[in-house]
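With these hints in hand, go ahead and build the complete structure from the sequences.
Number of protein chains: 2
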Amino acid sequence: MAQIYNRVALIGLGLIASSMAHAMKADGLAGHIAGHAKTPETRETALSIGFCDTVHATSAEAVVGADLVVLCVPVGAMGEVAAEIGPYLMPGATVTDVGSVKQSVIDAVAPHLPPDVHFIPGHPIAGTEHSGPRSGFAGLFRNRWWLLTPVPGADLVATARLRALCEAMGANVDEMDAPHHDLVLAVTSHTPHLIAYTMVGVADDLRRVTDSEVIKYSAAGFRDFTRIAASDPTMWRDVFLHNKDATLDILGRFTEELFALQRAIRLGDGAHLHAYFTRTRAIRRGIIEAGQDTAAPDFGRAVNSAAPDGAKPRQ
Amino acid sequence: MAQIYNRVALIGLGLIASSMAHAMKADGLAGHIAGHAKTPETRETALSIGFCDTVHATSAEAVVGADLVVLCVPVGAMGEVAAEIGPYLMPGATVTDVGSVKQSVIDAVAPHLPPDVHFIPGHPIAGTEHSGPRSGFAGLFRNRWWLLTPVPGADLVATARLRALCEAMGANVDEMDAPHHDLVLAVTSHTPHLIAYTMVGVADDLRRVTDSEVIKYSAAGFRDFTRIAASDPTMWRDVFLHNKDATLDILGRFTEELFALQRAIRLGDGAHLHAYFTRTRAIRRGIIEAGQDTAAPDFGRAVNSAAPDGAKPRQ
Chain A
582 MAQIYNRVAL IGLGLIASSM AHAMKADGLA GHIAGHAKTP ETRETALSIG
632 FCDTVHATSA EAVVGADLVV LCVPVGAMGE VAAEIGPYLM PGATVTDVGS
682 VKQSVIDAVA PHLPPDVHFI PGHPIAGTEH SGPRSGFAGL FRNRWWLLTP
732 VPGADLVATA RLRALCEAMG ANVDEMDAPH HDLVLAVTSH TPHLIAYTMV
782 GVADDLRRVT DSEVIKYSAA GFRDFTRIAA SDPTMWRDVF LHNKDATLDI
832 LGRFTEELFA LQRAIRLGDG AHLHAYFTRT RAIRRGIIEA GQDTAAPDFG
882 RAVNSAAPDG AKPRQ
Chain B
582 MAQIYNRVAL IGLGLIASSM AHAMKADGLA GHIAGHAKTP ETRETALSIG
632 FCDTVHATSA EAVVGADLVV LCVPVGAMGE VAAEIGPYLM PGATVTDVGS
682 VKQSVIDAVA PHLPPDVHFI PGHPIAGTEH SGPRSGFAGL FRNRWWLLTP
732 VPGADLVATA RLRALCEAMG ANVDEMDAPH HDLVLAVTSH TPHLIAYTMV
782 GVADDLRRVT DSEVIKYSAA GFRDFTRIAA SDPTMWRDVF LHNKDATLDI
832 LGRFTEELFA LQRAIRLGDG AHLHAYFTRT RAIRRGIIEA GQDTAAPDFG
882 RAVNSAAPDG AKPRQ
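Note that the protein sequences, when read in sequence, are chains A and B.
So for the first sequence, this note's numbering puts the first residue at 582; every next one is plus one.
So for the second sequence, this note's numbering puts the first residue at 582; every next one is plus one.
Hints were generated in silico from the structure; no laboratory data involved.
Incorrect hints may have been included.
Identical chains share a label here; the pair holds if one copy fits it or two copies do between them.
To be verified - Listed below are the simulated EDC-like cross-link pairs for lysine to aspartate or glutamate, each with C-alpha atoms no more than 20 Å apart in a straight line:
hint : residue 1 : residue 2
1    : K619      : D736
2    : K825      : D688
3    : K606      : E625
4    : K619      : D634
5    : K606      : E748
6    : K619      : E642
7    : K619      : E661
8    : K825      : D850
9    : K606      : D648
10   : K825      : D608
11   : K797      : D785
Note that the structure is predicted; figures quoted are calculated from it, not measured.
Below you can see the structure in the form of structure tokens.
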């Protein structure tokens, strides 16, 4: 495929950045990939794996001459990075990010960018429970959504070029406004993660009572929860702190419905439970029809067909 | 492998029964497999797939001459079935069940069984979100736990024979008392299922607001929840009604912890969130070390290596 950007700077070199780099290298989408990570170990890992052409000790150095800068740090660190790189950005450059929350990133980043730079926030809905520079692989974005939330008045050509990059890495791209993005993701991702974290925490408390049997006999429901709850703690702390209103709104609805089901259990109201469970089963069908998952049964022993054989994800 | 039972009667012909039948047939563990299901359609399906040698219009007919009877109906139907088959059981026969709750099954079934029959309750911790006679396959129990909860004074030889059958189907067998089983499963399976059902219900309410985007952009957390929440409604209604006390206990602990995290989000207490998420990540490692799951990253696109190619699970 043809080169889309001359020089791409990745700030933060974790799962998303390393996967982007692998994908861009696989198809020659970027002329040069420059990277910055805070720790020397991560920078050396990126060089030794080879997904960055150069690594830089500061984010300011990394962005010099880049026509695309991608902020791949936790949501809570975006503003600080923007302040560091702002004065060094090339006129006409595009800045995007991959944060799971969009409005707070816009609020934190936009004020630091010069007016001749295009800021087009983004969010690839893709990931695994693994993190770090060794966890990336080129196929991560294939058939996944990449949501762009350009602010009003965003440059159409710059947006189309970024969109072309996302599509070339295999993603489906949609655009929406930031507050809407944050609400949809609070439902589909943020609140489910918080709930999974909570349930696994409860099980951990109880594990002391049951002498490890909670882990030993962990069944499908709980195993899935532990996988979700193994996601990067810093990233998720920042998601909840920065999508606070939408998450608290959805949590409120969740506890309301949970209490209604809890009451049905206490009162022995089987009809209520059965009707509720029948409704949720139908939603699963909607997801499969939307192509976001397969109907193949899952046994908590997922075999991944997308990751290359050489990928050695670390916990 | 050698035949373990001369004649096995399966009462209820869904996912677990059909998987048991496939597994027993694959290794010649049963001389004859008799089946009963309430609907003629299910009985015909069982015959046409061939996992039953004979099917019977009543459970009483199915158990005649059987040295092993397996109750594979929802937990709430166990007592009624026991009352039907009680007078027709062969002296010396073993009766077991596969219910996800054990104490209430013991309370419902035991009074209907003659004293010369061995009742050894059981629970294979295995399943998929699919149900019905077409969803079964021989490998379902491989490397899965099968918990037996024999009542005090249970016959040791009969227990060992049932254990041998479970092991021959690929399962690891452990014994524990019924109340302990019910508490452990409330944590690892029952409460997580209720939570997943609830979250998917909330998303369904919101879907009307967001014009299907909740499904379209469903991310990892939510996709996993919808899979869990697609499980059989009747089975799960009965689980909650019959493991009421343990489920309500764990739900109480869950909401306590959820409120503490919700408060941390509201107050912006990032340290609390980070510490909590770090702890839950460690639990995941425990599960992987216990061999109950793999470290391979999951993308919500599980490829199942255990089910035979011919398996066509239906929703």
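task: Have a look at K825 and D608 and pick one of within, between, both or neither, based on CA distance no larger than 20 Å.
output: neither (38 Å within a copy, 56 Å between copies)
- Query: Should K606 paired with E625 be assigned to within, between, both, or neither, using CA atoms and 20 Å as the limit?
  - Reply: within (18 Å within a copy, 56 Å between copies)
### Query
Is it within a copy, between copies, both, or neither that the alpha carbon of K619 lies no farther than 20 Å from that of D634?
within (17 Å within a copy, 67 Å between copies)
- Between copies, within a copy, both or neither: which fits K606 and E748 at Cα up to 20 Å? within (14 Å within a copy, 49 Å between copies)
Checking an output row: K619 and E642, CA cutoff 20 Å. Within, between, both or neither?
within (13 Å within a copy, 72 Å between copies)
query: Checking K797 and D785: alpha-carbon separation at most 20 Å within a copy, between copies, both or neither?
result: within (12 Å within a copy, 33 Å between copies)
- Give the relationship of K825 and D850 under a CA distance limit of 20 Å: within one copy only, between copies only, both, or neither. Between. Shortest inter-copy distance 11 Å satisfies the 20 Å Cα cut-off; intra-copy 34 Å does not.
Q: Classify it for me, K619 with E661: is the Cα-Cα distance of at most 20 Å met within a copy, between copies, both or neither?
A: within (13 Å within a copy, 66 Å between copies)
- Query: For K619 vs D736, is the C-alpha pair at or below 20 Å within one copy, between two copies, both, or neither?
  - Reply: Cα proximity of K619 and D736: none, with 31 Å in one copy and 65 Å across.
- Message: My question is about K825 and D688: at a cut-off of 20 Å on alpha-carbon distance, are they close within one copy, between copies, both, or neither?
- Response: within (14 Å within a copy, 47 Å between copies)
### Alpha-carbon proximity context of K606 and D648, limit 20 Å
This pair counts as within: shortest intra-copy Cα distance 16 Å, inter-copy 64 Å.
Hints 1 and 10 from the list above are not met by this structure, while the remaining hints are.
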